[in-house]
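Okay, here's what each chain looks like letter by letter:
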Amino acid sequence: KAGVTQTPRYLIKTRGQQVTLSCSPISGHRSVSWYQQTPGQGLQFLFEYFSETQRNKGNFPGRFSGRQFSNSRSEMNVSTLELGDSALYLCASSFQGTDNEQFFGPGTRLTVL
Amino acid sequence: DQQVKQNSPSLSVQEGRISILNCDYTNSMFDYFLWYKKYPAEGPTFLISISSIKDKNEDGRFTVFLNKSAKHLSLHIVPSQPGDSAVYFCAASATSGTYKYIFGTGTRLKVLA
Numbered sequence: 001k002a003g004v005t006q007t008p009r010y011l012i013k014t015r016g017q018q019v020t021l022s023c024s025p026i027s028g029h030r031s032v033s034w035y036q037q038t039p040g041q042g043l044q045f046l047f048e049y050f051s052e053t054q055r056n057k058g059n060f061p062g063r064f065s066g067r068q069f070s071n072s073r074s075e076m077n078v079s080t081l082e083l084g085d086s087a088l089y090l091c092a093s094s095f096q097g098t099d100n101e102q103f104f105g106p107g108t109r110l111t112v113l
Numbered sequence: 001d002q003q004v005k006q007n008s009p010s011l012s013v014q015e016g017r018i019s020i021l022n023c024d025y026t027n028s029m030f031d032y033f034l035w036y037k038k039y040p041a042e043g044p045t046f047l048i049s050i051s052s053i054k055d056k057n058e059d060g061r062f063t064v065f066l067n068k069s070a071k072h073l074s075l076h077i078v079p080s081q082p083g084d085s086a087v088y089f090c091a092a093s094a095t096s097g098t099y100k101y102i103f104g105t106g107t108r109l110k111v112l113a
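Chains as they are written, first to last, in the working numbering: chain E, 1 to 113; chain G, 1 to 113.
Warning: the hint list may mix true and false statements.
[To be verified] To be clear about the criterion: a stretch of chain G counts as covered by chain E if any three or more of its residues have a C-beta under 8 Å from a C-beta of chain E, and this derived list gives those stretches:
# : stretch
1 : 58–65
2 : 100–110
[Unchecked claim] Here are some, though not all, of the chain E residues that point toward chain G, as calculated from beta-carbon distances under 7 Å:
# : residue
3 : P39
4 : F45
5 : P61
6 : E101
7 : G107
Note that these hints are calculated values from the structure, not bench results. Keep in mind that this is a model prediction, so the values were computed, not measured. Note that CB positions come from ideal geometry on N, CA and C, so glycine has one too.
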C-alpha cells in the first residue's frame with residue numbers, strides 16, 4: 001500500500017502571497033489531518049477532514065483553510081502569507097480518525113521570504 | 001497553553017544503555033497516548049501507544065509507562081541503538097471527544113556509539 005504523499009515537498013513564497021498544499025492519504029483512509037511543525041513548537045494541529053467535512057479545527061487564524069475531495073485527497077490553503085508561516089506542514093491520514101494511529105506524509109517545507 | 005509537554009528538548013545516551021523520554025499532560029480528558037519517532041526530512045512514524053486503562057505497554061525494545069495520577073508518561077528504550085537517534089514526540093487524544101491529537105514539542109535523542 002502506498003503511503004501518504006504530499007506535494008510539493010518544498011516551496012518558497014513571499015509575504016502576501018497564497019499557497020496551496022496537497023495531501024493524498026493512504027488508500028481507504030477517510031480522515032486527513034494537517035499539522036504545522038516549527039522549531040520549539042512541536043506539531044500543532046490545524047484541522048481534520050473526514051468524508052469531505054471539516055470535523056475539527058485548531059487555533060489558527062482564518063488565513064489557514066482546507067478542503068477534502070470525494071477521493072479523500074485534501075488540500076490546505078494559506079492566504080496572505082506571513083514570515084511566521086514558514087514551517088513544515090505535515091499531513092496525516094487514518095481510516096476513520098477515531099482509530100488511534102495516524103500515518104504521516106513526509107511534509108511540505110514552506111519558506112516565506 | 002501547552003497541554004502536552006516534553007520538558008527535555010534533547011537527550012544523549014550511550015549505545016546499549018536505557019533511554020528514558022518523558023512527557024507530561026494537563027488535560028484529564030486525554031485517554032489515549034502515542035509516541036512517534038521522526039527522522040530529518042521524513043514525517044513522524046508511529047512507535048507505540050497506550051490506553052488510559054493500562055499503565056504499561058511493551059513492544060520489543062520500547063515500553064511506555066503511564067502514570068495517570070501524575071499525568072505523566074514515559075518511553076523507555078532498552079537497549080538504545082544509534083539508529084534510535086531521532087526526535088520523539090508524544091501525543092495525546094480524548095477518544096470520546098473530538099479525535100484531535102495534541103503533540104508535545106519533541107525530544108531529540110542522540111544515541112552515542
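key: Hint check, P39/E versus chain G [nearest Cβ-Cβ separation less than 7 Å]   = Where the cut-off is 7 Å and the nearest Cβ of chain G is about 9 Å from P39/E, the hint is violated.
inquiry  = Using the nearest Cβ pair, does E101/E come within less than 7 Å of chain G?
reply    = 5 Å, holds
Minimum beta-carbon distance criterion (7 Å), P61/E to chain G = This interface hint is violated because 18 Å lies over the 7 Å limit.
ask   = Are three or more residues of the stretch 100–110 of chain G within 8 Å, CB to CB, of chain E?
value = holds (count 7)
inquiry  = Given a cut of 7 Å on the nearest C-beta pair, is the interface hint for G107/E held or broken against chain G?
reply    = With a closest approach of 6 Å, the G107/E hint holds.
ask   = Holds or violated: is the Cβ of F45/E closer than 7 Å to a Cβ in chain G?
value = 6 Å, holds
request  = Between the stretch 58–65 of chain G and chain E, see if three or more residues pass the 8 Å beta-carbon test, and mark the coverage as holds or violated.
outcome  = Result for this restraint: violated, n = 0.
When held up to the earlier numbered hints, the structure conflicts with 1, 3, 5 and fits the remainder.
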